[in-house]
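Student: What follows is each chain in one-letter form.
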Amino acid sequence: MQTIFSTPKSIKENSTFTFCPGCDHGVAIKLVAQVIDELNLQEETIAVASSGCSVFLYDSLDVDCIESPHGRACAVATGIKRAHKAQGNNKFVFTYQGDGDFASIGLGESLHSALRGENITAICINNTNYGMTGGQLGPTTAMGQITTTSQSGRNKEYHGFPIKTAEHIALCEGSSFSARVALYDIKNIINAKKQIKKAFEYQQKGLGFSFVEILSSCPTNWKLSPKDSHKKIQEELSKIYPLGIFKDVENE
Amino acid sequence: MSHIKIDNNKCKSCYLCVDVCPKKLIKKSETIGKTGEYIAQFCDKNNECIACAQCAMVCPDIAITEVIKS
Amino acid sequence: MKEKALLKGNIAIATAALNCGCNCYFGYPITPQTEIGEFLSVEMQNRNLGFVCAESEIAAINMALGAASTGAKVMTSSSSCAVALMQESLSYAASDELPIVLINVMRAGPGQGYIYSSQGDYNQATIGGGNGDYKTIVLSPSSVQECYDMTQKAFYLAQKYRNPVILLVEGLLGQMAEPVILNENPYPEIDNSSWKLDGAKNRPSRKIHSLEPNQIKLCNHIQDLFKKYKTIEQNETDWEEYCCDDADILITAFGAYARNTKAVCDYFRKKGIKVGLFRPKTLYPFPSKRLATISKNVHFIIDIEMNCGQMEKDVALATLGSVPIWNITKPVGDILSPETLIKKIEDIIEQEEKKYANNI
Numbered sequence: 000m001q002t003i004f005s006t007p008k009s010i011k012e013n014s015t016f017t018f019c020p021g022c023d024h025g026v027a028i029k030l031v032a033q034v035i036d037e038l039n040l041q042e043e044t045i046a047v048a049s050s051g052c053s054v055f056l057y058d059s060l061d062v063d064c065i066e067s068p069h070g071r072a073c074a075v076a077t078g079i080k081r082a083h084k085a086q087g088n089n090k091f092v093f094t095y096q097g098d099g100d101f102a103s104i105g106l107g108e109s110l111h112s113a114l115r116g117e118n119i120t121a122i123c124i125n126n127t128n129y130g131m132t133g134g135q136l137g138p139t140t141a142m143g144q145i146t147t148t149s150q151s152g153r154n155k156e157y158h159g160f161p162i163k164t165a166e167h168i169a170l171c172e173g174s175s176f177s178a179r180v181a182l183y184d185i186k187n188i189i190n191a192k193k194q195i196k197k198a199f200e201y202q203q204k205g206l207g208f209s210f211v212e213i214l215s216s217c218p219t220n221w222k223l224s225p226k227d228s229h230k231k232i233q234e235e236l237s238k239i240y241p242l243g244i245f246k247d248v249e250n251e
Numbered sequence: 000m001s002h003i004k005i006d007n008n009k010c011k012s013c014y015l016c017v018d019v020c021p022k023k024l025i026k027k028s029e030t031i032g033k034t035g036e037y038i039a040q041f042c043d044k045n046n047e048c049i050a051c052a053q054c055a056m057v058c059p060d061i062a063i064t065e066v067i068k069s
Numbered sequence: 000m001k002e003k004a005l006l007k008g009n010i011a012i013a014t015a016a017l018n019c020g021c022n023c024y025f026g027y028p029i030t031p032q033t034e035i036g037e038f039l040s041v042e043m044q045n046r047n048l049g050f051v052c053a054e055s056e057i058a059a060i061n062m063a064l065g066a067a068s069t070g071a072k073v074m075t076s077s078s079s080c081a082v083a084l085m086q087e088s089l090s091y092a093a094s095d096e097l098p099i100v101l102i103n104v105m106r107a108g109p110g111q112g113y114i115y116s117s118q119g120d121y122n123q124a125t126i127g128g129g130n131g132d133y134k135t136i137v138l139s140p141s142s143v144q145e146c147y148d149m150t151q152k153a154f155y156l157a158q159k160y161r162n163p164v165i166l167l168v169e170g171l172l173g174q175m176a177e178p179v180i181l182n183e184n185p186y187p188e189i190d191n192s193s194w195k196l197d198g199a200k201n202r203p204s205r206k207i208h209s210l211e212p213n214q215i216k217l218c219n220h221i222q223d224l225f226k227k228y229k230t231i232e233q234n235e236t237d238w239e240e241y242c243c244d245d246a247d248i249l250i251t252a253f254g255a256y257a258r259n260t261k262a263v264c265d266y267f268r269k270k271g272i273k274v275g276l277f278r279p280k281t282l283y284p285f286p287s288k289r290l291a292t293i294s295k296n297v298h299f300i301i302d303i304e305m306n307c308g309q310m311e312k313d314v315a316l317a318t319l320g321s322v323p324i325w326n327i328t329k330p331v332g333d334i335l336s337p338e339t340l341i342k343k344i345e346d347i348i349e350q351e352e353k354k355y356a357n358n359i
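Protein chains in written order, with numbering that gives the first Met the number 0: chain L, 0 to 251; chain Y, 0 to 69; chain F, 0 to 359.
To be clear, the hints were calculated from the coordinates, so they are not data collected in a lab. Be aware that a few hints might be false.
Said to hold, decoys possible - Simulated pairs of lysine-lysine, PhoX-like, Cα-Cα distance not exceeding 25 Å:
#: 1; chain 1: L; residue 1: 222; chain 2: Y; residue 2: 44
#: 2; chain 1: L; residue 1: 186; chain 2: Y; residue 2: 26
#: 3; chain 1: L; residue 1: 196; chain 2: F; residue 2: 200
#: 4; chain 1: F; residue 1: 159; chain 2: L; residue 2: 84
Chain L extracted, bound-state conformation (with noise of 0.2 Å):
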């Protein structure tokens, strides 16, 4: 008898995602927990959760963990992770948010901790939408893609362009690691756990800001199955974002 799978350790016992049936959050959560149990940072890792259904990562995960104001999830790591540096503590931090909450209203605290090279870890869910509101257009949404407030599709005179995320964390000085990974097949989401854990062992290593955007379904607010979101995932929004690492401070 082998144990070939189990509930991850650092998931609460008897807890239950609040997620809509087939949403990639729970897959994303559990991937997360996994690094952390095999990395063995569940004793000092504080996570950072922010608003939006990401918020619902500290009602799953068994570790510290505190709510962010909307946006502001890497502000808040930073100064977690400072304030145990100034006590002479080094904790292991990531924030765990949606895109809306990264690249929109929090776009200036995220790019500003990768330009400072901040030793944290972020995990940006991207599901092209304000998922918890009822799928509204977001930073990330596709051009041409309807949402309750882009009914007719995202057009550029209206709506502009939307944001390539770990391309411009890539861009800064101070980030170590950025990568776009997806979960709609079970290759993906071994990689993606990979990347994952590379992300935080660069925050281990002290390296500096390490960064993963995952491509995530949002089934309820697409109007899709589980199944055909995965397929959209597949088939366009891994065209329009394409899947890959776009800096790796190790391997340049």
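Keeping the supplied structure of chain L fixed, place chains Y and F upon it in accordance with the hints.
Tutor: Chains Y and F in isolation, oriented as in the chain L frame:
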């Protein structure tokens, strides 16, 4: 006999596991879950499960709590 | 012998913060408080403490929020219009029960205004510019020595009650130099091991959050906060009285603008007119009970403020309309000289006498 454990309270009937199972051993049950849909069920009469754990990897709700190989 | 130094208010605040163990400062430049950040940029880096030149005031207060969650002694400083930017996170900090010391060295005006000294943020500080039911403790120094002493007290109260504390300082005081006795921090350390976030080692994990989807839990949380505020009101209300015991006329004023009113009291006392000064040192909690007691025997109150009369409503609430309230206000500019104040008060006395004569 390799097998998986599904937590009926956690399953939200997204059926991603149904699609991913290479042996087609997971299907809709006749039990209605919390979302009002039929939850997933593991049916392996012929001991075909290879414990590849792909179902556990895709499950967004960690409803597949264990994958055992034997 | 205690060390004595000639310090500007801003430097006195920064020095006091360091002396009582402040280990994190996050800030963004704005006149008239910038010297605090400049001074600490050197001192904190020398001591390997947490210091970030934040990209905005919003980032600064949120860094403070994060740092406070680790149990650190955190300070940020800013001025009026930029403190307005910080209000969201102050509301979060109040709900999260995180100790943050915020120094507001006030400038004038709504909007950008200008760097002239003012007391225009009384409402912003005491009522709160953030959303929801919450309170921040507000301390109001009237000398550079008090800037020093009250900064130490601000850290203590923040830790003791796990609540944001605002030190409300006029630009005048921030920029003014006076001799300061560098007192040792008189306050005890507060144990924060039961709530701080330092990794879930040998204990269950903790979460600090203001989001609460459960209606009953949210309701209880807010009610618990207000029980705490009640305790703060009972324990920490502080004020100064000058010649109040037998006063017929009571001046109410706060902060640096209360200074000249003492000379005014002396002047009228010499002329046989009994004028006293009541100065709240904590603007929240406001010393309503004491003010109500004192005002029982006075003929009228004159509220003097460097704004359009923001504290006046708290004076009115405390006295419940039992005493007429006059005001001498000026929203911006130089402190009113004792001579100007005396003239204005003489005018008020004259009008009150006429009113009295007419009633007879």
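Student: Now, for every hint given, state plainly whether the structure supports it.
Tutor: Comparing the hints with the structure gives:
no.	hint	in the structure
1	L:222 <-> Y:44	violated (36 Å)
2	L:186 <-> Y:26	holds (22 Å)
3	L:196 <-> F:200	holds (21 Å)
4	F:159 <-> L:84	holds (23 Å)
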